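Model the full assembly from the supplied sequences, consistent with the hints where possible.
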Amino acid sequence: MQPDFTQKALDVTFRVASGGFGAGGADTLTLSGLRCHAEVTHAGMPSGSTLSLRIGGMDLPMMNRLSVLSAMPVATAPQQQMQACGNTVMVQATHGDGKVAVFRGVVVEAFVDFSTMPDVAFVVTASSIAGLQVQPLPPDGYAGAVSVQTVLSDIAAQCGLRLVAHNLGGVMIHDHYGWGCARDRIERIRHAAGIVINIQDNTLTAWGRDLATDGTTGTPPVISAGTGLLGYPAYNQDGVAFRTLFRPDIAYLSPVQVCSVAAPGGLSMASGGLWTPYRITHQLESEVPEGAWFTHVAAMRTGSPAAGG
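Quick note on UniProt numbering: the sequence shown kicks off at 1 and runs consecutively.
Rather than coming from a laboratory, the hints here were simulated on the basis of the structure. Model, not experiment: these values are computed from the prediction. Don't take each hint at face value.
Claimed, not checked - Here are the simulated distance ranges between beta carbons:
| no. | residue 1 | residue 2 | range |
| --- | --- | --- | --- |
| 1 | Val146 | Val120 | 47 to 55 angstroms |
| 2 | Asp113 | Gly291 | 13 to 21 angstroms |
| 3 | Asp238 | Pro118 | 41 to 49 angstroms |
| 4 | Val120 | Asn202 | 29 to 37 angstroms |
| 5 | Gly141 | Asn202 | 43 to 51 angstroms |
| 6 | Gln135 | Gly57 | 30 to 38 angstroms |
Backbone N, C-alpha and C fix where the C-beta goes; we use that ideal spot for every residue, glycine too.
So this is what it looks like as structure tokens:
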């Protein structure tokens with residue numbers, strides 16, 4: 001079990017697409033030791049990974065320099081919902097003797113919040129797929145039957161993403177024509193083939209409907225009172241939901257082993273066993289008294305087919 005009484009810290013690194021900071025023109029800035037409230041959610045497509053972040057203790061010129069307002073639709077281009085600022089953000093959290101990255105993505109919105117004066121905060125919203133929503137690709141087409149893995153590989157190469165495909169060898173689509181931004185193309189393929197896709201850490205991962213993985217996935221993380229499970233898992237017909245101390249080793253669609261204690265009367269609980277997380281939310285706070293340092297998970301029984309589409 002990870003130590004309970006340790007200093008929790010969040011490091012936030014911004015990378016500015018143009019210009020830079022200060023006289024040296026550096027294009028990156030790392031913030032450490034500040035008051036931060038971060039909520040990171042990994043839920044797969046269509047939402048991807050998202051970040052909601054509040055930072056206290058920054059100086060006003062720096063907050064102004066990093067501010068980004070999302071573009072509103074205009075009459076001449078109503079389909080344009082987001083501006084491609086190109087700024088990126090990475091959040092790292094302490095874990096054990098080191099730090100782990102819990103989010104990497106493109107800044108969608110960033111602004112100074114004066115409503116909590118005198119505790120002014122810098123508010124950031126970011127997404128792992130925001131860049132794909134504004135990245136146009138040249139039209140392409142495939143006559144007849146084509147492997148979904150081939151089409152996704154072509155898109156990933158154009159977007160600078162690494163492709164990881166699980167059990168897609170026999171998944172085909174027919175007479176496919178691709179147009180629009182990268183995100184829309186990926187979504188159309190996901191719906192047409194009934195597969196599951198996740199975009200996280202510059203990697204596009206795709207699964208067939210049975211969610212089987214190629215090769216070994218290692219030993220599933222153990223979720224128990226001894227490893228940080230808080231309370232009891234909530235069991236329902238869709239699966240289970242549980243809260244634990246921060247667990248960066250819990251990954252999207254990667255099975256975990258839930259070890260529940262026996263219910264009163266010696267009855268075994270249905271929430272025990274192997275479960276596959278489909279929604280993971282890290283709730284992290286640094287430099288805050290009694291701050292949160294938790295991971296919330298919603299999972300389905302391992303072996304259940306994907307909803308698809």
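Hints not upheld, ascending by number
As far as the earlier hints go, only 5 is violated by this structure.
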